[in-house]
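Novice: Protein chains in written order, with our numbering: chain A, 1 to 404; chain B, 1 to 404.
You may find that some hints are simply not true.
You can't tell identical chains apart in this list, so a pair holds if it fits in one copy or across any two.
[Stated by the list, open to error] Pairs of lysine-lysine, DSS-like flavour, derived with a Cα cap of 30 angstroms: (1) Lys167 - Lys363; (2) Lys397 - Lys205; (3) Lys334 - Lys61; (4) Lys205 - Lys61; (5) Lys350 - Lys25; (6) Lys255 - Lys2; (7) Lys255 - Lys205.
Don't read these hints as lab results, they were simulated from the structure.
There are 2 protein chains.
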Amino acid sequence: MKIIEGGVCAAKGFTANGIHCGIRKNHIKKDLSLIFSAVPASAAAVYTTNLVKGAPLTVTKNHIADGIAQAVICNSGNANTCNANGIEIAEAMSDLTAKALGIRASDIIVASTGVIGQPLCIDPIAAAMPALVEGLSTEGGKDAAVGIMTTDTVMKEVAVEFEVGGKVCRIGGIAKGSGMIHPNMATMLVFITTDCAISPAMLQKALSGDIANTFNMVSVDGDTSTNDMVTVLANGMAGNDPIAEENADFAVFMKALNTVTVDLCRKIAGDGEGATKLLECRVTGGKDIPTAKTVAKSVICSSLLKAAMFGADANWGRVLCAIGYSGADVDVHKIDVSFRSEAGQIDVCKSGAGIPFSEEEAKQVLLRKEIEILVALNDGEADATAWGCDLTYDYVKINGDYRT
Amino acid sequence: MKIIEGGVCAAKGFTANGIHCGIRKNHIKKDLSLIFSAVPASAAAVYTTNLVKGAPLTVTKNHIADGIAQAVICNSGNANTCNANGIEIAEAMSDLTAKALGIRASDIIVASTGVIGQPLCIDPIAAAMPALVEGLSTEGGKDAAVGIMTTDTVMKEVAVEFEVGGKVCRIGGIAKGSGMIHPNMATMLVFITTDCAISPAMLQKALSGDIANTFNMVSVDGDTSTNDMVTVLANGMAGNDPIAEENADFAVFMKALNTVTVDLCRKIAGDGEGATKLLECRVTGGKDIPTAKTVAKSVICSSLLKAAMFGADANWGRVLCAIGYSGADVDVHKIDVSFRSEAGQIDVCKSGAGIPFSEEEAKQVLLRKEIEILVALNDGEADATAWGCDLTYDYVKINGDYRT
């Protein structure tokens with residue numbers, strides 16, 4: 001398995017594009033993206049668990065109920081959520097896209113991201129559709145990745161190449177994240193494409209199994225979004241024998257998918273709103289997986305710890321505090337805590353109590369861009385990892401004045 | 001019932017003091033407080049639910065197991081938590097105080113607040129004890145209130161006068177709050193005193209019943225502290241017939257206690273770390289109380305909404321979003337949302353969808369220091385209120401560099 005270029009266009013038969021259509025009035029930023037498969041593809045998706053759901057999610061859910069889709073249309077700048085005409089607009093986006101591509105509207109995945117509660121006008125999308133479709137190309141993955149960005153500061157894409165049944169397969173993805181991201185749902189917009197042949201049922205199984213350890217273990221700010229989803233299109237053009245059961249090929253596919261999703265998780269967390277640092281909490285020795293996951297998520301979600309990491313302050317008491325209120329069944333007196341980065345590792349807490357360490361050395365470890373918070377529960381064999389970011393002045397700045 | 005001056009010294013027989021003993025090396029800020037009752041008092045307490053508990057909580061719990069206490073000793077600047085010798089130090093604080101006051105060590109309530117995981121040296125406390133006791137006076141409530149402050153910017157005290165069985169009673173309290181404050185525990189340090197005669201069992205019943213609607217409905221940052229507790233001392237010096245059952249007198253006492261606790265909740269939330277605004281979320285029309293409470297707490301805890309309130313941005317979509325992921329069983333399409341302050345009220349969402357409103361008018365409403373977020377669930381008769389504050393640059397600043 002190797003990392004390759006190409007994002008969502010890395011796999012055979014996929015083209016993409018991203019343009020500025022005018023939903024964002026005062027920006028030249030791209031705000032409309034399209035991903036297209038030359039042939040209908042197996043489709044799978046997971047959605048936010050928020051009771052308030054964006055209209056596009058309802059429409060998408062209907063469209064892929066048959067396990068088949070062929071294109072993804074997504075706008076940024078407006079979430080099309082909590083609007084009286086939301087469903088109507090999402091259907092219109094779908095119809096316009098289907099017509100321009102010459103495919104069925106029921107094979108379209110629709111997504112929107114941006115401000116909640118402002119009616120989305122279809123006009124700029126309608127006007128831009130011909131140019132959007134015209135510009136589809138195998139070089140368009142980066143443009144599509146840019147078109148779905150909101151407060152993201154960097155475009156996020158990845159692709160890997162692997163082999164199934166002697167055939168070269170590829171899987172790639174793009175993501176937008178940044179704010180309103182929290183475990184227990186399909187935390188953000190992620191569109192994944194592959195040319196591996198796999199049945200819709202097995203594709204859904206792979207995706208649902210994977211996100212429990214990846215996107216659901218990411219938190220930027222504890223707010224679960226209304227609009228987010230992860231979708232996968234698998235068009236089978238790699239020519240492998242279709243994966244239709246949990247065999248060795250399925251295991252290889254799961255591994256490739258996980259490589260893509262973990263990469264995107266790290267990119268999303270590291271580019272959290274205002275973030276200056278990626279935080280990775282690695283919990284080991286939990287009595288069971290749910291315990292290890294609960295601990296990892298609680299640590300990554302602590303505002304106090306996130307602020308301390310911003311200040312490169314080895315305030316490990318906040319790690320213990322976050323474990324203590326997590327609700328997980330742990331023995332506090334068995335817990336060890338260390339911080340690690342490219343600059344080295346510093347042990348700060350042993351058996352639930354502080355141990356002497358060099359503040360200067362700790363500072364050096366914590367001044368790096370990627371920080372691992374190592375928590376050993378010493379109470380079993382279960383491990384878990386969660387990803388987050390620091391809490392900074394810029395998070396407040398971005399969210400104190402988002403709409404204006 | 002009327003609000004009066006005097007804080008923890010408003011009730012008969014209580015004296016207090018607060019001094020700088022030197023736990024905070026580089027500050028002249030007071031860091032040691034003492035509250036003393038002339039006679040042994042009924043005692044009740046509630047404690048943090050964090051599995052990681054400060055050593056003082058363990059000692060206090062033992063001391064008031066018999067329902068009796070006579071004094072409160074509390075230091076700030078060090079939490080005495082996650083230290084190998086924590087219990088020993090908390091017992092030593094207790095012993096020193098008891099000896100200086102000439103009372104039993106088992107009648108002392110001990111508390112600490114500050115940094116976690118740094119050993120607390122008993123020497124400055126021992127050295128300062130004679131002066132601390134010497135300085136006890138009925139004028140000392142404010143000094144005691146200052147002595148327990150950490151990142152608080154204002155001293156917090158309140159007192160009320162009421163009548164039980166023809167006797168004038170008083171109840172007063174001091175609090176420290178600011179950071180690491182979140183529902184589902186005894187969220188902060190609060191010391192309440194009263195001269196009302198009430199049995200230990202009824203005092204505990206009153207306190208436990210009250211905090212479910214007061215301190216457990218306050219959140220500054222979602223972090224549940226390791227050290228916090230609320231205690232009440234009732235010395236009976238008002239001379240009323242002791243309250244020993246749930247009668248009319250008990251109801252009057254509950255009301256007086258609630259007046260004190262709600263006032264302190266508002267002061268704690270409004271002085272949250274870095275806060276510029278007090279947020280009060282008033283939920284009406286829930287199907288039941290737990291639903292209304294869950295919704296109120298979720299709204300008050302949303303980082304995104306808190307940042308929007310800092311920016312005086314009427315981003316009501318974030319209110320709906322927070323309700324949607326709260327886990328409460330609500331019908332999103334029935335929800336109305338308004339913002340209210342001294343500048344007026346602005347309705348922003350009706351039946352789960354946005355309604356037109358003047359952004360300028362909304363700005364004027366949200367620029368005030370106390371903001372009410374009104375959520376009508378229109379689904380029943382249950383109401384709940386939660387208190388919080390905005391998320392600001394200063395929260396990040398305070399917590400990015402707390403220890404140094």
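Novice: Now, for every hint given, state plainly whether the structure supports it.
Specialist: Do the hints match the structure? See the list:
In this assembly of identical chains, the alpha carbons of Lys167 and Lys363 never lie at most 30 angstroms apart, being 49 angstroms within a copy and 60 angstroms across copies at closest. Taking identical chains as interchangeable, the C-alpha atoms of Lys397 and Lys205 are never at most 30 angstroms apart, the minima being 40 angstroms within one chain and 44 angstroms between chains. Only between protomers do Lys334 and Lys61 lie at most 30 angstroms apart by alpha-carbon distance; the minimum there is 23 angstroms, versus 46 angstroms within a single protomer. Taking the shortest Cα distances, Lys205 and Lys61 sit within 30 angstroms of each other inside one copy (16 angstroms), while across copies they are farther apart (50 angstroms).
Proximity of Lys350 and Lys25 under a CA criterion of 30 angstroms is satisfied inter-copy only: 27 angstroms between copies versus 55 angstroms inside one chain copy. For a Cα distance limit of 30 angstroms, the shortest separation of Lys255 from Lys2 inside one copy, 12 angstroms, qualifies, whereas the shortest one across copies, 68 angstroms, does not. Taking the closest pair of Cα atoms, Lys255 and Lys205 come within 30 angstroms of each other only inside a single copy of the chain (13 angstroms); across copies the shortest separation is 56 angstroms, beyond that limit.
Checked against the numbered hints above, the structure violates hints 1, 2; every other hint is satisfied.
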